[in-house]
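Chains as they are written, first to last, in this note's numbering: chain A, 7 to 420; chain B, 124 to 433; chain C, -15 to 278; chain D, 2 to 237.
Watch out, some of these pointers could steer you wrong.
Derived DSSO-like pairs: lysine-lysine, alpha-carbon spacing no greater than 30 Å straight-line [as the list claims (entries may be wrong)]:
#1 K86/A with K111/A
#2 K287/A with K201/A
#3 K348/A with K132/A
#4 K268/B with K152/A
#5 K81/A with K66/A
#6 K268/B with K201/A
#7 K152/A with K203/B
#8 K409/A with K399/A
#9 K82/A with K302/A
#10 K268/B with K135/A
#11 K150/A with K268/B
#12 K200/D with K31/D
#13 K373/A with K268/B
#14 K399/A with K181/A
#15 K111/A with K268/B
#16 K203/B with K132/A
#17 K39/A with K82/A
#18 K201/A with K203/B
#19 K205/A with K203/B
#20 K205/A with K268/B
#21 K152/A with K364/A
#22 K135/A with K203/B
#23 K132/A with K268/B
Keep in mind the hints are simulated off the structure, nothing from the lab. No experiment lies behind these values; they were computed from the predicted model shown.
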Amino acid sequence: MKLKQFRLAVAMAAAALTAAGAASAASAPSVIKIGTLYAGSGNFAVASQAQYKGLQFWAKRVNAEGGVYVKAFNKKIPVKIVAYDDQSSTSTATTLYNQLITQDKVDLVVSDFGSVLTSVAIPLAKEHKMLLIDPTGSSAGFFKEKTDYLADVSIPSSAVWPMPLAKFLEQEHIKKIGIIYGSNDFDGSQADTLKAEFKKIGVTPVFDHAVPTGERNYTVLLHSAAAAHPQALIELGYLPNDVAFLKSLKSSGLHFPFVFTIFPGQFKQLMEKNVGADALKYTYSYPAPPMIKYEKVNLGMNTDQFVTAWGKTHKGAEPNFVNAGGYNAGILMAKAMGTSPKFTQLGMHQALLDMSGKITTVVGAYKLSPTGAQLGQRLPIAQFQPQKDGSLKTVVVYPDSHKTGNAIYPSPAG
Amino acid sequence: MRESWFKRARAGLITAAVLALVFSLAPNVYNNSSLLFMMMTYIVLSQGLNLLYGFTGYLPFGYVGFFGTGAYATALLVMKLHLPIGLAIAAGPIASMIVALVLGPLLRLSGAYFSIANLAASQILFIVIGNPNLQDITGGPYGVKIDEVYNPTASYAAMVVLVVVVTLIATFFRRSRFGQGLKAMADDPVSAEMSAIPVVRMRLLAWLTSAAVAGLAGALYAWNLSVFYPDAVFTLEISVFAIVFALFGGVGTVLGPIIGAGLLYALYNAIGISEPQYFQLIYGVLIVGLVMFLPEGILSLLTRRGINVF
Amino acid sequence: MQALLEYAIVGGVLYGIFFGLVAVGLNLIFGVMRIINLAHGEFVILGGFGAYWVSHSLGLNPLWGLPLAALGAVVIGFPLYYAVVPGLQRSRDPEMLSFILFFGLAQIIDAIISLGFGPDQRSLPDEALGGGTISVLGQAFPDSWWVAAGVSVLAILGLWLYLTRTRLGFATRAIMANRDEAYATGISVDKVSAIAFIIGLALAGAAGVFVPYLQGSVGPGIGNSLTTTSFAILIIGSLGNPVGTLFGGLVFGVGSMLMQTFYASWSDLVPYVLLVVIVLVRPQGLFGKAVRHA
Amino acid sequence: MSSEPILTLTNVAKSFGGLQVLSDVNFELKPGEILGLVGPNGSGKTSVINLISGVHQPEAGSIRFDGAEIQRLTPHARVKLGINRSFQVPKCFISMSVRENIEVAAHFSGHNADIPAILDDIGLTGMEATPAASLTANQQKMLDLGRALATGPKLLLVDEIGAGLNPAELTGIADLLKRIAARGISMIVVEHLMEFLNKLTSRVIVLSAGKIIFEGSLEDASHDPEVVTAFFGGAA
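With these hints in hand, go ahead and build the complete structure from the sequences.
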């Protein structure tokens, strides 16, 4: 090889390194860096951006008051959110979580929405000994062993979500049940819980079907389900699945006496816009704050205050549950920083554990297990009942402690 | 008459040594090791794809299928049989070579038919492995988790070794009679047969080598990531990146895919971390521009000036 | 059981006819120009977004997306043809290079859709195409499915008439048969090819109008599966023959619906398995003469 | 030279997609012999060459070369046995230089070829480093022939090498082929140009519609009524 070629080889190979980036600056205590990811596109885009907005909402309010109080430094320090777009891709998310931890040297990491995008952050956080604040990653699989580096703060482990639903169906003596669920941790663990609960009372679903997380057309599946004549059809999906399911249900002309989906309870307005009030009427869902209200809170705003404050900064828009979840993650982090004597990952984790069972926020009771699971709130069951003016009223039908009306079952056809 | 093997391999040995040095030292300078690891993964994949496309003219659009197969073979052997990680990694390329053998008949197809059938084959692997009905065997759409063997440092080191190995394989393809025979086949398979070149056997050999490289890359990727879903190792984006990187640098050379993957992946992270949607646009424009104005890649700018590119 | 079978078959026929339309543009362009339009799926999506735009921003019936698709095909297709196709055909490997080039184009279109419309999946109101259902053999299907199938049959029939009953169509078929001889006989190959290219894109766009109904929604990122599915259908049928593509669509549609009804989680395999099996076993298609020695 | 035939075709038949392109083809070739193969377009001349060289395989019949049946062997295996060919449209390795084209063939066939001598034969001495892509069509034809010679063939199949050459070039090629034959290499020459063929051999086979309709001298062929009809009259 000629000398010229050799130089070329060296130069070209080295180019990769130079281009890869410059060394980063060390973090300064002048600002608390909160790192997070959101999905600008893909399956989780809508929900993920809702969570991100909730977190931003918290940061803005905290900074308006001069920052978050950090006990270890005994002063208020402004908060800065460092956020990247992972496009709903786990491999992109892996690189980006790593970027947050190793390059941006953030002080706390908040995982992206949902179990799928949270999953890859868990081993990374553990490896780098970072506490992962997990607002909505609720797969039961995450919380199998004791850990110092994971805290599910805003929603209960998805394995416990459907408990009230199972109880309600039992109470109503509904025994012929069809389940359609997305094959992902979030929906799969709910389906598993439901089936386990049914088994206890000797009920086997008459229709039980997993669909890809990206499924958008339920027309054919609905006909197969109808052939099994279930009294209740339960569809467990992510937001886009629920939209597609309800649309397909409406256009198919099929009728089931009881239909349940997850997200209308969290994104009622969006669902009404996308599938129409007509498609939602008489269906059931988990009503989530702010749809159900927590008036007595001892950390942050209560539901009404939150709705009003949100409206002021968001042109009068109503917040949804995931917005509240993002906000909730913020106030819990702030509380941890405000109580932990040391500004360390372990210190803040201990503070989060110490708060467990003593706090109620906009999303309800807060109870953190040593494995990082959230055991606080249980989600009730609500039905969307049409009113005379054509609007839909969210009526909580179970459990009795939250109940605002009776279920209309079976739902009238047409 | 011919130069000694050492003279022929020298450029490759130097390139491999430089790459080993750069990636061994890089984590001291820049400590997002995930990013460096991914850059090496793409250097390996682009080079592996180059072994097939650059030397035989077969463009494997479903190249990611081998990558995913390797990743899953490794992960499942650790999860189900609790094999030591070293053995499980060795199984990655073996599994992908088995898949390549099964798909061997695709090599009977020409040009675009091969590419599109290969793409379909990778989708079939994805749908089968990610199928909910196979949850008990493959983990289905719920993915796999091997965090008990999670070791970012060791897997990083292993990937450095793979970069070296694949550079040496590419050097062999570039500088040996075997590689010359492959080039002859790409130019004209019938004439190659008439030059006593066992076309079918050599093409299959290149195919298997290329598949094994991707399988091994997948195995190391699985080890490095330790938790992943089927779409993370079967996404078409991986094929696309490997193709674009290789084309950008210049296929049929050793340096081309290395430069293409190194530069573009760095660019991807410079732009992609903050504005990923613009990146797709830039890639698209880059591909169209390359085909229209620079079908041999950026290294052909040197070749055109009479500089012999390794 | 029998009701489900009937449902799958009737549904498969409607679905398949529609997919004949999805694939027929790819077939025409490949037949005439020997280039593989890997951005085909993206042109279908563009048609879907056109219909969405017409419906949401202009408040018109989404069917106005059909003339918009034709207009868009002229505006995009004409300059695109002259910018890339003649150059590709002079290159050393037109088929492979076109494959890569149009793949790049697909990326560009995907990115532009994402930037322009955002990442969300879009759907169209059922009411626009009737909103009710029509039953055959006691199996009810949304009106939109029937409209889609009807428009597909008309479009494919129209293409067939164009190819068999008009001078331009005759010239088009001459080019399909042998491009060099067509040059020699004085056919203005570039002009006729450009028209075929535009028709191909227009048909893709027209199919796109119905994608939100048949697939549930339209969004960036479904282009690849539409392109590979179209390719499978094109290969099941035969190159250059619109009626063959309709037949290919039916095989895919009925196969797909049967799988969705009885083995739903495996139904995504249908187009890919069909594609691989057919290219290996019978590269000339089930319904045509040999066009290529593979 | 032995009198045993080096090549024997017995009842060879071939069809493509239902179209019978060759049927019942029988002939022999002796070592060092040059055989002319003529016939109208589409009569199956090139198919005969394709079947002998292994590009296609016959449906029926046997092909014996040097005492062994070869009809099931791959083309490259036949090359190693000593069969090679040139192509009607030259098929060089266009990404390589002239020398590499010949080297590759010599290397893979395992034949210890005298490359300067071959370059001299094909008139490309001094152009070793020239890329094959920049040769003229005629030079590419010669390179194609050179590639075949580099494998050390005992039987050379020459497919319409004369097309498009001027009379002086034709004479040169004819002399070259005769020189090659004189080294003991048998040859089948497919050719339209009868004058050219006349310089090479007196024994021709005439094919029509996939059948041998005449075997004998070129002179006799031109008087054979069936041959005349095949070339000039009747259904094409």
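Each hint, compared with the structure:
1. K86/A with K111/A: holds, 12 Å
2. K287/A with K201/A: Holds - the C-alpha atoms of K201/A and K287/A are around 26 Å apart, at most 30 Å.
3. K348/A with K132/A: Judged against 30 Å, a Cα distance of about 19 Å means the pair holds.
4. K268/B with K152/A: Holds, because 17 Å separates the two Cα atoms, which is no more than 30 Å.
5. K81/A with K66/A: holds, 18 Å
6. K268/B with K201/A: Answer holds: K268/B to K201/A is near 24 Å, not above 30 Å.
7. K152/A with K203/B: holds, 23 Å
8. K409/A with K399/A: At roughly 13 Å apart (the allowed maximum being 30 Å), K399/A and K409/A satisfy the hint.
9. K82/A with K302/A: holds, 27 Å
10. K268/B with K135/A: holds, 19 Å
11. K150/A with K268/B: holds, 13 Å
12. K200/D with K31/D: Roughly 19 Å between the alpha carbons, so the hint for K200/D and K31/D holds.
13. K373/A with K268/B: Distance ~27 Å between K373/A and K268/B Cα, so the pair holds.
14. K399/A with K181/A: This hinted pair holds, its Cα atoms lying about 27 Å apart.
15. K111/A with K268/B: holds, 26 Å
16. K203/B with K132/A: holds, 24 Å
17. K39/A with K82/A: holds, 14 Å
18. K201/A with K203/B: Status holds; Cα separation ~25 Å.
19. K205/A with K203/B: holds, 28 Å
20. K205/A with K268/B: It holds: about 28 Å lies between the C-alpha atoms, which stays within 30 Å.
21. K152/A with K364/A: holds, 21 Å
22. K135/A with K203/B: With a Cα-Cα distance of about 28 Å, the restraint between K135/A and K203/B holds, given a limit of 30 Å.
23. K132/A with K268/B: holds, 14 Å
Of the numbered hints listed earlier, not one is contradicted by the structure.
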